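Trainee: Here the structure of chain B is known, so what remains is to put chain Z in place on it, guided by the hints.
Same order as they appear, the protein sequences are chains B and Z. Taken in order, the first sequence gives residues 1 to 253; the numbers are from UniProt numbering. Taken in order, the second sequence gives residues 1 to 311; the numbers are from UniProt numbering.
Careful, some of the hints might be misleading.
[To be verified] Every beta carbon over 10 Å from chain Z, so not counted as near; a handful from chain B, in silico: (1) Ile37; (2) Arg46; (3) Val92; (4) Trp138; (5) Ala141; (6) Leu172.
[Stated by the list, open to error] Cβ-Cβ distance ranges computed for the label pairs, FRET-style: (7) Z:Asn183 - B:Arg19: 35 to 41 Å; (8) Z:Glu216 - B:Phe82: 41 to 47 Å; (9) Z:Asp202 - B:Val169: 49 to 55 Å; (10) B:Phe100 - Z:Ser136: 34 to 40 Å; (11) Z:Asp111 - B:Arg18: 22 to 28 Å; (12) Z:Phe92 - B:Leu172: 22 to 28 Å.
[Unchecked claim] If you want the footprint, here are the derived chain B segments under chain Z, 3+ residues with CB under 8 Å: (13) 7 to 20; (14) 80 to 89; (15) 95 to 103; (16) 244 to 253.
Derived by calculation from the structure, the hints in this document are not laboratory data. As the structure is a prediction and not an experimental result, all values here were calculated from the model. All residues carry an ideal CB built from backbone N, CA and C; glycine is no exception.
Each chain, letter by letter, is given below.
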Amino acid sequence: MNLNGVRAIYTFEMNRTRRTLMQSVISPVLSTSLYFIVFGTAIGSRMGEIDGVSYGAFIIPGLLMLSLLSESISNASFGIFFPKFSGTIYEVLSAPVSPFEILAGYVGAAATKSLIIGTLILVTARLFVDYSIAHPVWMLAFLLLTALTFSLFGFIIGVWANDFQQLQVIPLMVITPLTFLGGAFYSINMLPEPWQTLTLFNPVVYLINGFRWAFYGVADVHMGVSLGMTLVFLLICIATVWWIFRTGYRIKP
Amino acid sequence: MQPIIQIQGVGKTYDSGFSALKSIDLEIRRGEIFALLGPNGAGKTTLISIICGIVNASAGRVLADGMDIVQDYRQARSLIGLVPQELTTDAFETVWDTVSFSRGLFGKPADPAYIEKVLRQLSLWDKRNAKMLALSGGMKRRVMIAKALSHEPSILFLDEPTAGVDVELRRDMWEMVRGLRENGVTVILTTHYIEEAEEMADRIGVINRGELILVEEKEMLMQQLGQKQLYLMLQTPLDALPASLGQYNLSLNDEGTQLTYTFDAHHETSGIAELLRSLSELGIDLKDLQSKQSSLEEIFVSLVHRPEESA
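Okay, chain B solo, but in the shape it has when bound:
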């Protein structure tokens, strides 16, 4: 195991985060806090409870998940896309590092950053909304699992993307709409049919509901199903990354 190699990639990526602290950490925390102020404190105070949870508290898991997904994807995708774009990837490819070590460096750093942002959002949310965590260990498990899975997904997007537009298209055109329509701001039980059934095809529904269950012990979908779906997505990402390294897809001609 080339631990020095893993450390080098991980440190390089975390240094990049430090250099761009305003954009990569403060900005997502600030924008999510605005949601808490607008939907939690201002509008939320005039809305009724959902499943016995105040509206301001109800939206916290969904908003946290929204940030976690988008940040994990953008951090990991940019982390591998930029060396590919600038040509510096030659060094990683020519170094004695295994695919697992490369992943541990890039995906590990992206997931770490997402977890830092997630923690900051949770702390900030407390300033505006009163919430509790019913199952803290499960909450942490979902947080870690989601950060890891979507950082892997971001790595795949970064390898796939040939330009900056492609790099943005999945997070903006797919992930954000799926999160907004995945019950971040409402219970899917509030939807009329057929939308309620159709929503179940949205994988983000399971992530948000698993997370919400960890917070309040209530969710639209059983926690076991949520966990199972997240693990399935993780396995799909691992299989895709394995295939990328085996074939050299878009990184090694």
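Mentor: Frame of chain B, contents of chain Z only:
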């Protein structure tokens, strides 16, 4: 002694169907400086990229110090340092950080004293805290070399190391390469410059259209190929080459306005003085003159093309 690099039947065909390399067999001797020459698109960079693990070979295998670069990639790659042709650097990193990153990436523990030594050798010590984007092209080239040397490789690939660098840096690099060889490092470089190959290489390989045309000791090649041209621009155009100049290797070009004299640069006498005297005796006045040494690339390309043209 076992060669430090053994390239056995290595071929590369890209998905587009383009065949960049056709079954290359080559052995690099331990501790030598080997110059790989060839025109653009000949396959030099593809071959280096395969050896370094950046490109997958379609056929054949490569051994670095007896270790397969695919099966035993960890051991094989840790021996190799690469300075790529393009100045691809992380613009926002400092010189110190980027060189330290390279050392860690290759599995070596941090060693500030060694990094300092490398930076000092390459005249980069004063720039250690400068960001890459603030450096000139020549300085960036030095950093690329420092990165390649950061993990103390025993094999160093330099892909067009002196392309676009000034004379001072080129001399510095030659000095550095010689120093590396003295420390037992094997150096493989690609170049377009005859002076570079002449100055540094022990052996020269020529590659064209994905095929290794020849591999020869430098001294032998220089004798065969070290020709120079003297271009003599005439005041008055000539209809034909005067018969009395037949003893010289001359040709009349550009509608009779230019004489081209080809001579052996390594011969004791070039014959230029005699030629100028003969021209003067014939009353042929000169407007201008210049000499040019063909690059090895030009010479080899002409050698490669000749059989095809005559076929």
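Trainee: Give me the numbers of the hints this structure contradicts, sorted from smallest to largest.
Mentor: 3
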